[in-house]
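Visitor: For the sequence shown, the working numbering assigns the number 2 to the initial residue and increments by one for each residue that follows.
Accuracy of the hints is not assured; some may be wrong.
What the hints assert, rightly or not - Restricting the straight-line Cα-Cα distance to at most 27 Å, the calculated cross-link-like pairs of lysine-lysine (DSSO-like) are:
no., residue 1, residue 2
1, Lys136, Lys218
2, Lys265, Lys320
3, Lys265, Lys218
4, Lys188, Lys265
5, Lys15, Lys320
No wet-lab data here; the hints were simulated from the structure.
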Amino acid sequence: MSMVINSALYRNGKRERDLSVEAISDVLHTPGSFVWLGLHEPDNAMLDRVQEEFGLHDLAIEDARNAHQRPKLEVYGDVLFVVLNTAQMENGNVVFGETHLFVGLDFFVSVRHGPSTSYSPVRERCERTPQLLAKGAPFALYAVMDFVVDNYQPVLERLQEEFEQIESQIFGDTFDRATIERLYTLKRQLLRLRNAALPVEDIAGQLVRLHEDVVPKELRAYFRDIADHAHRAVGALDVIREMLTTAISVNVALVSVTQNDIVKRLAGWGAILAIPTVVFSNYGMKFKGMPELEHPAGYPIVLACTATACVWLYRKLRKSGWI
């Protein structure tokens, strides 16, 4: 698959023409225009070329070479470097990716790593609103960030469904090793999604506070909206995590109660069986002075007394709930 997904020149909010990476420097700094370059898992040679074309900072490029960066916003002169973690559903599973964004006065570069949805729908949506796209690279940054945060929602809903399924098993009779493994996977995915969404609120807040030469005042409300969406996503994730923790605690309590009930029943039956055990063990001692051995009704009397004691103890234990 090609590393260059999109490379185009936009003038006054409208797509003017496609560009090769080598030709980008020829059209940069043209008034009223900006370049939008989209890359997917570029190699080092491509990143070196991009750095040369846009004059990007060495540290930012070094981060772009290596995935697994934490979400953050860095400012290098008049260039913003934003790292976002993406999440999406793929074949019923949650997969996570990473996006690095370079935002200059007249360019916007996106670098995707790992499984992530193409930003083609974002470009198409932006091109349908040329009056906003005319704001340049900052609006492209907003559009991509909004797309990433919006994609958290279906993942969040899927994790909610998974929790409800596991919850029914926790309180049912099907809680087994497989359910424990699903539980661990769910907790790990909830944590990863929260770690992806939580920094976005702070990043959007930082963008709102930047100078208007970097982020126009007209776009600040858009970034505040992103912060609000990220905040709500984190809140929903925290609710699921709390409910999951509560469900686990309740299940542990139920298991403990069940075990205590079993122990009580075993102890009750043990007490009942102890009576005939003690009585009849005396007959194995071979004592000579046992009057019931000489009495014709001695053996039946011992059996009757033993049975009576067992029945009496059974009824007492039954009444107290031990059996």
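Visitor: Enumerate the violated hints, using their earlier numbering and listing them in ascending order.
Guide: 3, 4 and 5
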